[in-house]
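*Asks:* Quick note, the sequences are listed as chains A and B, same order. Throughout the first sequence, residue numbering follows numbering that gives the first Met the number 0, covering 0 to 661 in sequence. Throughout the second sequence, residue numbering follows numbering that gives the first Met the number 0, covering 0 to 306 in sequence.
Everything labelled a hint here was simulated from the structure, so no lab data went into it. Be aware that a few hints might be false.
To give a feel for the contact side, a few chain A residues facing chain B, derived at Cβ under 10 Å [as the list claims (entries may be wrong)]:
(1) Ala453
(2) Pro456
(3) Asn487
(4) Asn509
Don't be surprised by glycine CBs; every beta carbon is placed ideally from N, CA and C.
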Amino acid sequence: MQRLLLCRLFTAFALAQQTVAPTNETVGPPRGLPFEGYNILQNFETGFRFYDVEGNLGKYRSDVNYRRGLRLLSSGLTINSREGKGKYFDEILLNTQGLGNDPYQAAILRVQKNKLYRYDLTWRTNDYYNPALTISNGQHFMNTRRQWQDQTLTLLPQSKYQFFAGYSRNSQSGPGLSTIQLFDSRGNEFQYFSDLRRQQNEIRIGGEVKVTSLKFLWQRGWEWFKDDPREYLGAPSTGNDPSNSTRLTSFNRAEPWRGENPSWRANLLSDGKQWWALNGRFSYVEGRRNFILDESAIGTARFGALANRQYLLFGTGRRPVLAANVTGSIFPTERLSISQHLAFHNTKMEGDASYREFNNSTLQFTNFNFNFLGVRAFTSTTDVNYRVTKQLGLFGGYQFTERLIRSIEQLSDEFSVDKVAAEQTNRLHTGLAGIRLQPVKPLQINLDGELGRADRPIYGLSERNFHSLGARVQFKHKSLLLSAQARNRYNFNSASLWSHSAKSRNYAANATWTPVERFSLDAGYAKIHLDTLTGLAYFANGDQVNNDRSRYVSNIHAIHVLARVMIAKKVDLSTGYTRNQDLGDGRPVAVPQNAPPGSIAGFLQAQTFPLHFASPQARISWHFHPKVRANFGYQYYTYQERFLAQQNYRANTGFVSLLWAF
Amino acid sequence: MFTWLVWGLLALPLAWGQPPQMPLPKGVTADAKGYVGSNACRTCHPDVNRDFFRNAHYKGQVSSCEGCHGPGQAHIEGRGDKTKIFAFSEKSPRQTLNRCLECHTQSISRANIRRSEHTQADVVCSSCHSIHKSTTPKFLLAKKQIDLCGNCHSQVRAQFSMPFKHRVNEGVMQCSDCHNPHGTDAPTWRMGQRPRLVAQAQGNEEACLKCHVEKRGPFVFEHTAVRVDGCETCHSPHGSMNARLLKRPVTFTLCLECHNGAGNFGRQGDGIAVQSPSHNMADPRYQNCTTCHVKIHGSNGDRLFRR
């Protein structure tokens with residue numbers, strides 16, 4: 000029995016593809032300890048992380064971000080009542096990861112008593128560090144911490160009448176850097192400090208009622224958002240362009256906003272004894288956001304004059320969203336399913352703002368802005384699924400969508416109104432067909448294709464004339480799982496003077512094998528190919544360039560191999576290797592040889608991004624005591640790109656830990 | 000609101016006295032013929048029985064096994080004949096789905112399971128969930144989510160190993176934070192057809208806005224393409240070679256592919272204007288659009304998204 004359980008855990012954990020992380024092997028009796036009608040399982044893994052980086056530390060922190068220190072790498076606690084009749088609870092489940100200042104920390108908690116209540120908590124923290132060298136000249140920097148928590152209490156969870164209440168919180172805070180352009184459209188760009196303080200809170204209550212085969216669910220929710228960023232210039236700045244004489248000596252901005260989303264949601268679900276099913280959903284969310292902005296900038300303008308500029312802005316944005324869906328399914332025979340899904344949504348966004356600009360303490364102008372953007376869409380989807388024989392199945396579908404987009408853009412001042420109204424209707428027809436084959440029980444083959452036609456797509460990269468073909472093969476026999484898939488997707492969106500095409504081809508294969516208790520293997524390869532060609536028009540060196548093209552080629556080859564072997568009776572070894580390599584369009588260097596200076600070369604050099612990101616890892620675990628394991632993990636990272644060599648790095652990371660379980 | 004609360008509280012004692020929702024097949028009572036109880040099952044299946052009290056399906060009832068597998072008497076009399084009991088391994092995907100949905104159909108998260116892409120591909124409950132051998136603390140999954148989903152979606156798993164990615168491998172996020180593998184309603188963005196199996200956020204919006212709330216707005220000046228066609232217009236959410244998960248390695252090519260004067264929607268009427276002549280694209284200064292157009296997701300004060 001114990002061997003079976005160990006084998007089961009062994010198999011599952013060996014497949015876990017993760018970064019240098021807690022040890023997965025179990026110790027101690029997996030049966031747990033009995034205590035007054037309960038069974039208790041508990042484990043802790045405490046250890047020390049270390050790291051060493053050679054190269055760009057900022058890029059390492061952006062990609063990996065494990066640091067040095069003592070950690071509770073993982074812990075788990077489960078308490079279950081043996082008979083399902085505990086006095087106050089029947090189950091407590093607590094799992095944690097990375098507590099003690101890991102960049103990725105998480106905890107889940109569940110407490111429940113059968114038929115009476117269930118309480119769920121999820122808590123997560125992510126330290127986000129991004130020097131963003133390829134964005135805005137690396138000047139949009141973020142070093143923030145995001146935290147989430149979600150709590151739900153359900154009363155009478157196995158009853159015909161259920162009630163629940165929930166609370167969620169999401170916050171992001173920390174320093175950042177951003178940029179602004181001053182004092183006119185040909186001015187200079189300046190970097191400023193930004194203190195991010197974002198927060199969202201949500202409360203929801205609801206209930207469920209089941210009467211015969213009908214179930215009705217309702218939920219009322221309130222969501223509040225707020226942001227209180229403080230933005231300022233730390234010291235006088237000469238800006239990005241030293242040849243530009245614009246200078247900034249002082250910059251301050253306060254930009255608080257408050258938002259709220261009260262919402263209603265109702266669902267009706269029914270299932271008619273396996274020959275029909277029906278569900279409907281109605282949701283209405285009333286979004287609103289009040290804002291104010293006060294910004295002042297003092298410095299020297301482009302032609303040497305002193306500049307003292309202030310912006311004042313206040314107003315409100317609103318976005319009510321109504322959505323309704325109905326899905327009906329019928330199953331005339333054991334082999335046939337027909338589903339019809341109807342969806343409607345109406346989103347209206349409107350906002351008004353009063354905008355004042357003072358130049359050198361004199362009122363320059365006051366603008367009143369009003370904007371409206373409405374999106375209304377109706378979608379009908381029909382799906383048919385038919386199993387001809389045990390070996391052959393067919394499925395197909397048709398979707399029609401009609402979308403109406405309307406906008407009003409109004410800019411006005413005391414003397415004039417500039418108002419533009421626009422309206423557009425888009426339609427999409429999509430057909431889907433596929434076949435499922437199962438010539439023998441372990442082998443499954445799926446083939447499918449999709450063809451779509453849309454008129455007047457909203458923007459140049461949207462899907463217009465598109466099709467895709469896909470195939471998937473899976474072989475599963477005992478502990479061996481082999482799978483392979485391929486998918487091509489082409490989209491052509493052309494107008495009379497302009498065109499866009501995108502071709503993506505993905506191929507992947509995966510193998511998972513656990514032939515014996517002492518060994519398991521997981522390996523895979525994926526090729527992700529994308530090439531796009533898009534017409535461009537722009538200005539370069541004072542001339543308008545038409546009929547240029549943006550060509551982007553990405554050829555990503557990704558492999559992963561993970562193996563676990565029991566090298567001695569009490570010693571497990573896990574090893575793994577992952578590598579992602581983008582070969583781009585095959586060029587050995589970023590800038591093509593003999594590329595003429597000018598616009599096209601600029602695009603060519605930007606449109607391929609050869610790099611590789613590889614990471615071998617190993618973990619050894621010694622089960623030296625019935626309840627304790629000693630572990631050592633090591634992972635190496637190497638990041639190398641041909642564009643910005645200064646972003647390259649190599650890192651050694653790892654941990655030593657003790658896992659204690661009982 | 001108050002009325003709902005009162006009705007809820009009034010219904011509480013009624014609900015308290017309800018019989019437990021046992022997973023017995025529909026139309027079968029506990030004393031029906033052919034049922035032998037779980038104690039009989041553990042004679043031959045001790046490995047399943049010994050730890051089943053940890054299972055979410057265990058409610059301290061003697062008929063737990065037969066609630067899903069059907070009456071066991073004929074199975075016992077047939078000396079373990081799999082054809083005499085509901086053995087999931089021997090059933091078609093549709094039969095497996097039907098059996099699980101006898102109890103689990105009536106949930107919001109599974110409302111669209113009959114038409115989901117997974118169901119069409121014969122990926123049903125037992126393909127991902129392991130009732131007896133689950134290795135996850137919740138949801139009875141056969142493996143960790145990233146491994147489970149990655150078995151079929153290998154290219155997505157590869158994207159999570161790219162330099163810039165959402166932190167799924169690191170364990171702080173999971174596939175189901177954004178996706179509902181049981182099926183979803185038509186998206187309220189991108190002509191309602193894609194991406195499939197992406198769960199809508201509370202406000203009927205993209206799942207991205209569950210966390211990135213500051214980008215939600217509403218703004219006075221919305222970036223129309225973002226609002227209408229969604230975040231994937233510019234971003235690759237799983238992983239990218241760009242520090243902001245953009246679809247192109249540098250920003251300006253991504254922007255110019257739409258902002259190129261082609262016919263489109265909005266103020267210009269006949270198309271999004273080509274940049275002004277002052278934007279010399281041969282100058283690196285102008286190749287970082289978001290240096291000036293900082294509030295690219297939407298702005299309250301500037302239709303060009305500069306503040």
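*Asks:* Each hint needs a verdict: does it hold in this structure or not?
*Replies:* Right, here's what the structure says about each hint:
With 10 Å as the threshold, the beta carbon of Ala453/A comes within range of chain B, its nearest partner Cβ sitting at about 6 Å, so the hint holds. For Pro456/A, the interface hint holds, the least distance from its beta-carbon to any beta-carbon of chain B being 8 Å, beneath 10 Å. Given the 10 Å rule on beta carbons, the hint for Asn487/A is violated: about 12 Å separates it from the nearest Cβ of chain B. At its closest, the beta carbon of Asn509/A sits 5 Å from a beta carbon of chain B; the interface hint therefore holds under the 10 Å criterion.
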